[in-house]
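Chemist: Spelled out from the first residue to the last, the chains are:
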Amino acid sequence: MDHQLNPHHWVAAHADYLFGFAITRINDEELAKDLVQETFLAALEKVAKFEGKSSERTWLTAILKNKIIDVYRKKSSGLQNKMVKEAEDEQSDFFNADDGHWINNNGPKEFGIEDKDRLVSREFELIMQKCLQKLPALWMSVFTMKHIDEEATEVICTELKVTSANFWVIIHRAKLNLRACLQRSWI
Amino acid sequence: MSYLKRIIYNCKQATFLIEKRSLGKITFREAFELRVHLVGCSFCRIYKKQSRVINEMVQELFRSSMQADRKLDDNFKKELQVRIEEELNKN
Numbered sequence: 001m002d003h004q005l006n007p008h009h010w011v012a013a014h015a016d017y018l019f020g021f022a023i024t025r026i027n028d029e030e031l032a033k034d035l036v037q038e039t040f041l042a043a044l045e046k047v048a049k050f051e052g053k054s055s056e057r058t059w060l061t062a063i064l065k066n067k068i069i070d071v072y073r074k075k076s077s078g079l080q081n082k083m084v085k086e087a088e089d090e091q092s093d094f095f096n097a098d099d100g101h102w103i104n105n106n107g108p109k110e111f112g113i114e115d116k117d118r119l120v121s122r123e124f125e126l127i128m129q130k131c132l133q134k135l136p137a138l139w140m141s142v143f144t145m146k147h148i149d150e151e152a153t154e155v156i157c158t159e160l161k162v163t164s165a166n167f168w169v170i171i172h173r174a175k176l177n178l179r180a181c182l183q184r185s186w187i
Numbered sequence: 001m002s003y004l005k006r007i008i009y010n011c012k013q014a015t016f017l018i019e020k021r022s023l024g025k026i027t028f029r030e031a032f033e034l035r036v037h038l039v040g041c042s043f044c045r046i047y048k049k050q051s052r053v054i055n056e057m058v059q060e061l062f063r064s065s066m067q068a069d070r071k072l073d074d075n076f077k078k079e080l081q082v083r084i085e086e087e088l089n090k091n
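For the record, the sequence lines run as chains A and B.
Using the numbering used here, you'd call the opening residue of the first sequence number 1 and step up by one each time.
Using the numbering used here, you'd call the opening residue of the second sequence number 1 and step up by one each time.
The reader is advised that the hints may include incorrect statements.
[What the hints assert, rightly or not] The calculated SDA-like cross-link candidates involving lysine to any residue, where the alpha carbons are at most 25 angstroms apart (straight line), are:
| no. | chain 1 | residue 1 | chain 2 | residue 2 |
| --- | --- | --- | --- | --- |
| 1 | B | K77 | A | E110 |
| 2 | A | K130 | B | V58 |
| 3 | B | K71 | A | I148 |
| 4 | B | K20 | A | K53 |
| 5 | B | K90 | A | H9 |
| 6 | A | K53 | B | V58 |
| 7 | A | K67 | B | K49 |
| 8 | A | K49 | B | E60 |
| 9 | A | K65 | B | E60 |
| 10 | B | K12 | A | S55 |
| 11 | B | K49 | A | S121 |
| 12 | A | K109 | B | V39 |
| 13 | A | K134 | B | S22 |
| 14 | B | K25 | A | C157 |
| 15 | B | K77 | A | I26 |
| 16 | B | K49 | A | V162 |
| 17 | B | K25 | A | N166 |
| 18 | A | K49 | B | E87 |
| 19 | B | K12 | A | I26 |
| 20 | A | K109 | B | Q59 |
| 21 | A | K130 | B | Q59 |
| 22 | A | K75 | B | K49 |
| 23 | A | K130 | B | V39 |
| 24 | A | K161 | B | I26 |
| 25 | A | K46 | A | R73 |
| 26 | A | K75 | B | R70 |
| 27 | A | K161 | B | E60 |
| 28 | B | K71 | A | H172 |
| 29 | A | K130 | B | F62 |
| 30 | B | K20 | B | Q59 |
| 31 | B | K20 | A | K46 |
| 32 | B | K90 | A | V47 |
| 33 | B | K20 | A | V47 |
| 34 | A | K109 | B | K71 |
[What the hints assert, rightly or not] Residues of chain B placed beyond 12 angstroms of chain A at every Cβ, according to the derived structure:
| no. | residue |
| --- | --- |
| 35 | I18 |
| 36 | R29 |
| 37 | F32 |
| 38 | R35 |
| 39 | V36 |
| 40 | C41 |
Calculated from the structure, these hints are not laboratory results.
Glycine included, each C-beta is placed from N, C-alpha and C at the ideal position.
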C-alpha cells in the first residue's frame, strides 16, 4: 500500500527523531532546531510530489539529509581550510617521509579495543566523541556520510565536490587522525 | 630500493589500502602488495584490527546517541506545528 503524508501530525510524530538525527551529525543544538523547522517547511512545498514509495519519516529524513549536506558544504569552505592544514601537519608525525614507515613512537599499539567482544565504557565513548570533533569539518562530513549514512562514494564526491582520489585520501587521513587521537587519549 | 622492499616499508600505503578495501575495491595487485606488507608488519596488523573496531564503535556511538532522549522542548514544537498549519491554510 502507498504511504500517505499527514502534515498535521508531523511535529508530534517526527520532530524529535529528526532533531536527534541532525544533532548527532552537526553537534549544534540551535542549528539542529533550525534544520528541523526548515525540513518541515521545505517538505510542505514538496507534498504534491510525494509518490508514496517511502514512509513519511524516510521521506522527511531525506529532505533533512540534504539540508545537513548544505551545512557540511558551508562548514568545509573558508576558515576550515586552516583546520585541514593543521590536521594534515599532524600526519607528518605518523610516517617517515622517505619510505612511509611508521615513526616508532606513533605507530599503532594495542590499547584494549582490538577485541571484538570488548565492553565499551562510557569513558571511551566520550573520548571517541572528543576525537571525532577534532576532525576538520570536510573530513568529518565525508567520514559520516560514508560510515554512518552509507552513501555511495560517487554521491559523496558530487555533493561535497571532492574528486574520487581525494575522497580516498580523506577517508584514510580521517581514520589515521582518529585512531592516533584515541591511542593518545586512552593509553 | 627494490620493489619488494618498498612494499614492505610503506605503512602509509598499506594503511591507505586497508581503508580503501574496507569501503570499496582495490586492485588485484594492491591486494597482493597489502598481503605481503601485512605478513611482515606488526604495526599495520594492529592498525587493521583497530580500524575495523573503530568503524563499528563509531556506528554504535551514532546509534546510541540517536536513541538517547534528545527531545525538542514543547514550546518549540507547538510553535512549529502552528507554523505548519499556517502554511497549510495558505493553500
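Chemist: Can the restraint linking K161/A and I26/B be considered satisfied, given a maximum Cα separation of 25 angstroms?
Modeler: Holds. K161/A to I26/B sits at ~23 angstroms (cutoff 25 angstroms).
Chemist: Does K109/A pair with K71/B here, judged by a C-alpha cut-off of 25 angstroms?
Modeler: Judged against 25 angstroms, a Cα distance of about 40 angstroms means the pair is violated.
Chemist: Are K71/B and I148/A close enough, with their CA atoms no more than 25 angstroms apart?
Modeler: Within the cut-off at roughly 21 angstroms; holds.
Chemist: Would you mind confirming whether the straight-line C-alpha gap from K49/A to E87/B stays at or under 25 angstroms?
Modeler: Holds: K49/A and E87/B sit about 17 angstroms apart, inside 25 angstroms.
Chemist: Hinted pair, alpha-carbon criterion (25 angstroms max): K53/A, V58/B. Please report holds or violated.
Modeler: Not OK: K53/A and V58/B at ~30 angstroms, beyond 25 angstroms, violated.
Chemist: Are the Cα positions of K109/A and V39/B separated by 25 angstroms at most?
Modeler: holds (17 angstroms)
Chemist: Decide if the proposed pair is consistent with the structure: K75/A and K49/B, CA atoms, cutoff 25 angstroms inclusive.
Modeler: Violated - the C-alpha atoms of K49/B and K75/A are around 32 angstroms apart, more than 25 angstroms.
Chemist: Per the stated criterion, does the least C-beta distance between I18/B and chain A lie above 12 angstroms, as a non-interface residue requires?
Modeler: violated (9 angstroms)
Chemist: CA of K77/B to CA of I26/A, is that 25 angstroms or under?
Modeler: It holds: about 20 angstroms lies between the C-alpha atoms, which stays within 25 angstroms.
Chemist: Starting from K49/A, check that the Cα of E60/B is at most 25 angstroms away, please.
Modeler: violated (34 angstroms)
Chemist: Is the hinted pair K25/B and N166/A satisfied, with a Cα-Cα distance of at most 25 angstroms?
Modeler: Distance ~15 angstroms between K25/B and N166/A Cα, so the pair holds.
Chemist: Against the 25 angstroms threshold, does the CA-CA distance of K20/B and K46/A hold or violate the hint?
Modeler: With a Cα-Cα distance of about 38 angstroms, the restraint between K20/B and K46/A is violated, given a limit of 25 angstroms.
Checked against the numbered hints given earlier, this structure breaks hints 1, 4, 6, 7, 8, 10, 16, 19, 22, 23, 27, 28, 31, 33, 34, 35 and 40; the rest are met.
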